[in-house]
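Here are the chains, one letter per residue:
There are 6 protein chains.
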Amino acid sequence: MKKIAVYPGTFDPVTNGHLDLIHRGAVIFDELIVAVTKHPKKELLFPTDERINMIRDTMKSNGKIIVESFDGLLVDYVKSKGASVIIRGLRAVSDFELELAMALMNRKLDPGIETFFMMTSELYSYLSSGVVREIASLSGDVSALVPDIVHQMLKDKFMSDE
Amino acid sequence: MKKIAVYPGTFDPVTNGHLDLIHRGAVIFDELIVAVTKHPKKELLFPTDERINMIRDTMKSNGKIIVESFDGLLVDYVKSKGASVIIRGLRAVSDFELELAMALMNRKLDPGIETFFMMTSELYSYLSSGVVREIASLSGDVSALVPDIVHQMLKDKFMSDE
Amino acid sequence: MKKIAVYPGTFDPVTNGHLDLIHRGAVIFDELIVAVTKHPKKELLFPTDERINMIRDTMKSNGKIIVESFDGLLVDYVKSKGASVIIRGLRAVSDFELELAMALMNRKLDPGIETFFMMTSELYSYLSSGVVREIASLSGDVSALVPDIVHQMLKDKFMSDE
Amino acid sequence: MKKIAVYPGTFDPVTNGHLDLIHRGAVIFDELIVAVTKHPKKELLFPTDERINMIRDTMKSNGKIIVESFDGLLVDYVKSKGASVIIRGLRAVSDFELELAMALMNRKLDPGIETFFMMTSELYSYLSSGVVREIASLSGDVSALVPDIVHQMLKDKFMSDE
Amino acid sequence: MKKIAVYPGTFDPVTNGHLDLIHRGAVIFDELIVAVTKHPKKELLFPTDERINMIRDTMKSNGKIIVESFDGLLVDYVKSKGASVIIRGLRAVSDFELELAMALMNRKLDPGIETFFMMTSELYSYLSSGVVREIASLSGDVSALVPDIVHQMLKDKFMSDE
Amino acid sequence: MKKIAVYPGTFDPVTNGHLDLIHRGAVIFDELIVAVTKHPKKELLFPTDERINMIRDTMKSNGKIIVESFDGLLVDYVKSKGASVIIRGLRAVSDFELELAMALMNRKLDPGIETFFMMTSELYSYLSSGVVREIASLSGDVSALVPDIVHQMLKDKFMSDE
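Residue numbers (this note's numbering), protein chains in the order written: chain A, 1 to 162; chain B, 1 to 162; chain C, 1 to 162; chain D, 1 to 162; chain E, 1 to 162; chain F, 1 to 162.
This is chain A alone, in the form it adopts within the complex (with noise of 0.2 Å):
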C-alpha cells in the first residue's frame, strides 16, 4: 500500500530550511503532499495560489511531491487524501510544546493518524518565514535564505510597496 505523507503549513514564503524537510520526507514516503492552509488566522503576505507556485516551481522535477492548498480540519483533510501520517519540522523549544500539544489533539481527533516530526538541518536554525519577511521588508538580503523565485518575488512585492 502506498504510503503518502502531508506536510502542512502556511508557507508564506516558503524558505530553505522547508525545503530541505520536503526533500527528506519525500526520500521516505511514496507520496508527500506539501498542504497550503488557505485561511490561516494570520495576515498574509502572498495569496494563496503564489503560495502554491513558489513551492511547486522549485519541487517541479520532483514527481513524487505534490503541492495543494487545504480548508477545514487538518485531520479530515489527511484522511481524504488516503493518507496516514502528518510530518511537521521541529526548531525550538517553542515549536516543540505548541506542535506536542496539536499533535496530542490531532491524535484525539482521529487516532489512525499519526504525527512524525523531523528536526530542522541545523543550517536553518533561525529560519523562519517571519524573519524572511522582516529582513526583506527592510531591505536585507535574502538570497541565501529561499529559492530565487521567492527571493524575486520578495524583491517585487517590497519594491512596489515604495
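Treat the hints with care, since some could be wrong.
[Unchecked claim] Taking lysine to any residue pairs in the SDA-like style, the calculated list, with each CA pair at most 25 Å apart, reads:
#, chain 1, residue 1, chain 2, residue 2
1, B, K41, F, P40
2, C, K41, E, K108
3, E, K41, C, E43
4, D, K38, D, G82
5, A, K79, A, I4
6, D, K60, D, K81
7, E, K108, F, V27
[As the list claims (entries may be wrong)] Footprint (simulated), chain C over chain E, 3 or more residues, beta carbon under 8 Å:
#, stretch
8, 121-130
9, 135-143
No lab work stands behind these hints: they were computed from the structure.
C-beta atoms are modelled at their ideal positions from N, C-alpha and C, and glycine is treated no differently.
Following the hints, put chains B, C, D, E and F in place on chain A, whose structure we already have.
Chains B, C, D, E and F in isolation, oriented as in the chain A frame:
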C-alpha cells in the same frame, strides 16, 4: 522497497509508553526493529537478554516487529539492517534538546539516515524506565505502567533483594 | 479562619481542563472563587455573562465554589474577597515562564498573597480555550473537551455565523 | 478539619530559599511537615539527623512547622500523616518538567493527594543545595545563602576535610 | 581602538531592568549606544522622542552612554556607528530562543558583528515593559519598577485617558 | 585600560565549537584567557596538561589568547588576572538555565565581574565534548568536530584501550 525503521533504547525495563510507540510505529513502516543497547553508559537493572525477552514476549503476536540488541555507533547499526529511519519518542522539553543534538549528530555521521520523532501519548507523559525502577524499588504498584511480564520480573528482582 | 482561594481566568470558553482544576482546588480550600476577567486584552468569543453562566451551570451542585467577574488589578480583587491564595494551572513550559513572572510581580504588589500552581491532568495537557475555539470554528467535534452546555453554546455560535 | 501539607526534600543542606518556602507555606496551612528524605539516591554531605537538626534549629519559634525524616513512597508517607497536600518549589524550567512528571505520577499512585507548587522568590532563583555545597567546598562565602547554623556546620565540615 | 556596543530595543517604556543592563554594559565598553527602534511592529504607548527622552534624562550623568533612534536593519545601523557588538538581555527561556535566532540571523547578515547576552539581574527577572504598561493601565503602583520620570509619564498618560 | 576576558571550561577535549567562540571572543577583547578547570567534579578523559596543550597548539598563532589552568572559585581567579568579564557559550535551553544560575551566583560573589554569553554557531549547535568522547570511543569519525591534534590524541587514546 521495504521501509525499515529502528527504534533504539535501553528499555530497562520496557514500559507501556515504549510499547505504545512501538505499536504506532509498526503501523507506518513495513518492519520495525526494536534495538536494545547492549552497553549503555548507565548501570543496568536487567541484563541485555532479559531486556530483549520482556519486549519479545509482549510483542510476539506482531510479525512486523523484530527485537535485537546492538553495539557500537547507532548509524552503523541502522545501515547494516538496511534501514533508513530512526524512531524516537518525545515526552518533554528536556528530552527534546538531547534528542535534537543526537539527531543532528547522526545526520552528520550519515546523511542518508533520517530521525523521526513521535510524541508520547499524554497518558504516558510522566512515565520513564527510571520512574518505574524507583517506584518498584520502594514496593509501589507499577502494574498500570508496565506489561505483566515486567511487573512480575520487577517483583522477583526487588523481593530477592530483601 | 476560612481559607479562600481565587482561580482567575478568561474562560472563553471554560474547558474540562479548567473544571478538573476547579474541583481539585475546592477540595483543599474552604471556598474557591472562580474569577472571570471582565476585560482581558484579547478579543472574546463569549461575553462576560455567558462565560460566568457556563461555569455556574456546571458547578451548581458544589456549594464551596463561587463564580464572579472581576476588573482591575488581580491582587486588589483577591484582597477585597478576604482571600490569600491565587490558584493557577500549569500545562507546559511556555505557561510556566509567564506564570512565574506574574506570580513574582503579584508578590511584589502584595506580599501577603500567595500563588499556588496545580499541574493540569495529563488528560488535558493539550487542551486550551483557544484550541477549543479553533476546532469548533472548523466544525470539529469538541464534545469530549468541554461540558455539554459549552458544546451547545459553541454549536449555536458557529452555526449562526454561517 | 486541620489542613496539613508536606514539604519533602533532601535539604543537604537547607538553604534560605527552602526557608522562605517553608515560612510562606506555613501561613496558608494549619500544619506544615518538612519531610527530610532518609535515603535519597544521591550521596549526602550531611547525615539525616544533622539535616533535620539544622531545619529544626532555624524553625523552632514557629509552632505550625514540624520536621521529620521519611522513607519509602512519598504518597504513602503523606497519607500516613493525614495530609492531603504536597508542596514543592519551582525555580526554573528544568525543575518544572521533573516536578510535573513526579506530580502526575503521585496522582496516579494516590488521586487523593494534591501537589501545590510555589514559585521560589526571585532572590533565591539561582540558589540550590548543590551550589551551596560547591561554593563552601571551594572556601567561598555562603553566609548570605544559608542560615547561620548551616554556615557554621559547612565551615566545620570543609575545615575538618583539610 | 574604541570599543562601541549597541543595545537595541523598543523601551516602551524603559524599565529599571533595562537601566541595570545599560549601566553594566557601559562599564565594559568604551561607548554604549542605546538604540531605540523607531518603527517596531507592535503598537506603541510612547512616541519615539518620548522613549528617547526618558532614557536620556535618566542617563545624563554617564558620558559613555549615547541614546539614539534607529530604523532599518539592525546590523546596518550597528556597522554605520563603527560598533562591533550588539548587547541583549536574557531573562527567561522564552527570551532565549527568539534571541538565539536573531543573533544567528544577524551573524548571517554580517559575520563581523557579535552579539553578547547579559543576564538580567534576578531582581528584575519578572519585569518587562509590557508588565509595566499593564499595571500602570490598571492604576497599580509601578514606582519600584521604572525611573521617576517614567513613573510620572505613565501617570500622565493613564490619567489623561480617564 | 586593557580589557581582559576569561573563557572557563573543562575542554575534555576542546572542540571546533569551543575554538569558534575563542576566536570570536578574542576579536572583541584585548586579551582572552582560556581557563582550563584543573579539578572538575566529573571524571576526565585527558589530564590537565594535555587539555591545555591541545588548545595552545591550535591557538599558537593568535597573540591575544592565553591558555592556563585554574583552581578554586572562578570569580577569585578572574579577579586575580585583572579581568572583569567571563565569557560563556550558549547552545541550548538546558545550557541556558544552568548558566543563568551560575552567572547570577557569580555576580552575588563579586558584583564587579560581568558574564557575557555568546551564541554557539549553528554549525556546532549539536556539538559537545561529551558527544565527541562518545563517538570516538565507538570508533566513529570525529575529524570534522575537533582540531587535527585532538583527533590524533583521541585515536591514540582509544586504540591504546583496545
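| task | Could you check the structure against the hints above and give me the numbers of any it violates, in ascending order? | result | Violated: hint 2 alone.
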